[in-house]
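Peer 1: The lines below spell out each chain.
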Amino acid sequence: AQTVTQSQPEMSVQEAETVTLSCTYDTSESDYYLFWYKQPPSRQMILVIRQEAYKQQNATENRFSVNFQKAAKSFSLKISDSQLGDAAMYFCAYRSPYNTDKLIFGTGTRLQVFP
Amino acid sequence: NAGVTQTPKFQVLKTGQSMTLQCAQDMNHEYMSWYRQDPGMGLRLIHYSVGAGITDQGEVPNGYNVSRSTTEDFPLRLLSAAPSQTSVYFCASRGLAGGNTGELFFGEGSRLTVL
Chain A
1 AQTVTQSQPE
11 MSVQEAETVT
21 LSCTYDTSES
31 DYYLFWYKQP
41 PSRQMILVIR
51 QEAYKQQNAT
61 ENRFSVNFQK
71 AAKSFSLKIS
81 DSQLGDAAMY
91 FCAYRSPYNT
101 DKLIFGTGTR
111 LQVFP
Chain B
1 NAGVTQTPKF
11 QVLKTGQSMT
21 LQCAQDMNHE
31 YMSWYRQDPG
41 MGLRLIHYSV
51 GAGITDQGEV
61 PNGYNVSRST
71 TEDFPLRLLS
81 AAPSQTSVYF
91 CASRGLAGGN
101 TGELFFGEGS
111 RLTVL
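Heads up: the protein sequence lines correspond to chains A and B, in order. Residue numbers for the first sequence, in our numbering: 1 to 115. Residue numbers for the second sequence, in our numbering: 1 to 115.
Think of the hints as simulated: they come from the structure by calculation, not from any bench. Just so we're clear, the structure is a prediction, and the values are computed from it rather than from any experiment. Glycine included, every Cβ here is placed at the ideal spot set by N, Cα and C.
Here are some of the chain B residues that sit facing chain A, going by a computed Cβ distance under 7 Å:
id, residue
1, G40
2, G42
3, N100
4, E103
Produce the entire structure from the sequences given, and follow the hints as far as they go.
Peer 2: Written as structure tokens, this is what we have:
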């Protein structure tokens, strides 16, 4: 069974600085899909970025980018030029191509942004 | 744009009571699902549906029932609430046309407390 691990329960960053959130996963599948979701205090989950495992190029969405290391099974999220609105819980998630109905989530990282 | 709407947002139940969490989406999405979020455990899949009349169990289905009589609605029923069902519940939907990297759209969550 696949598992997703986020080893940093909490992280903090100064406004305008860069922070990296870690995510590792365990799978025997060669193709899969990875996601980062943001959960602000309002509770609603919002998709931040997604990556297909067969794509070598790291995904980027404005200030958000990933460092996808397939051999190491690592999928970290980098937030550049951090803003106060980035403060939230961030969840890493895995989707198997053989069970696309299920997202497997990590336990989350709480990000604090200080002015 | 309503998206995914969940009701109620908060509910307190006594052990043994029954209740239904409502979920409706207006995006004509085929796929709908229910997750529960517990501290330190991320989100876990309870039940899901890939279309009207089709439902299946996720990772933690015990104590919950679902049905999908229409494309828009996917209610989650607790037949006899237990304190272990105290959690935040999220309904989510996805259009299958988006493929395997398709975004999962979440509702705002329903916080349920069972005394």
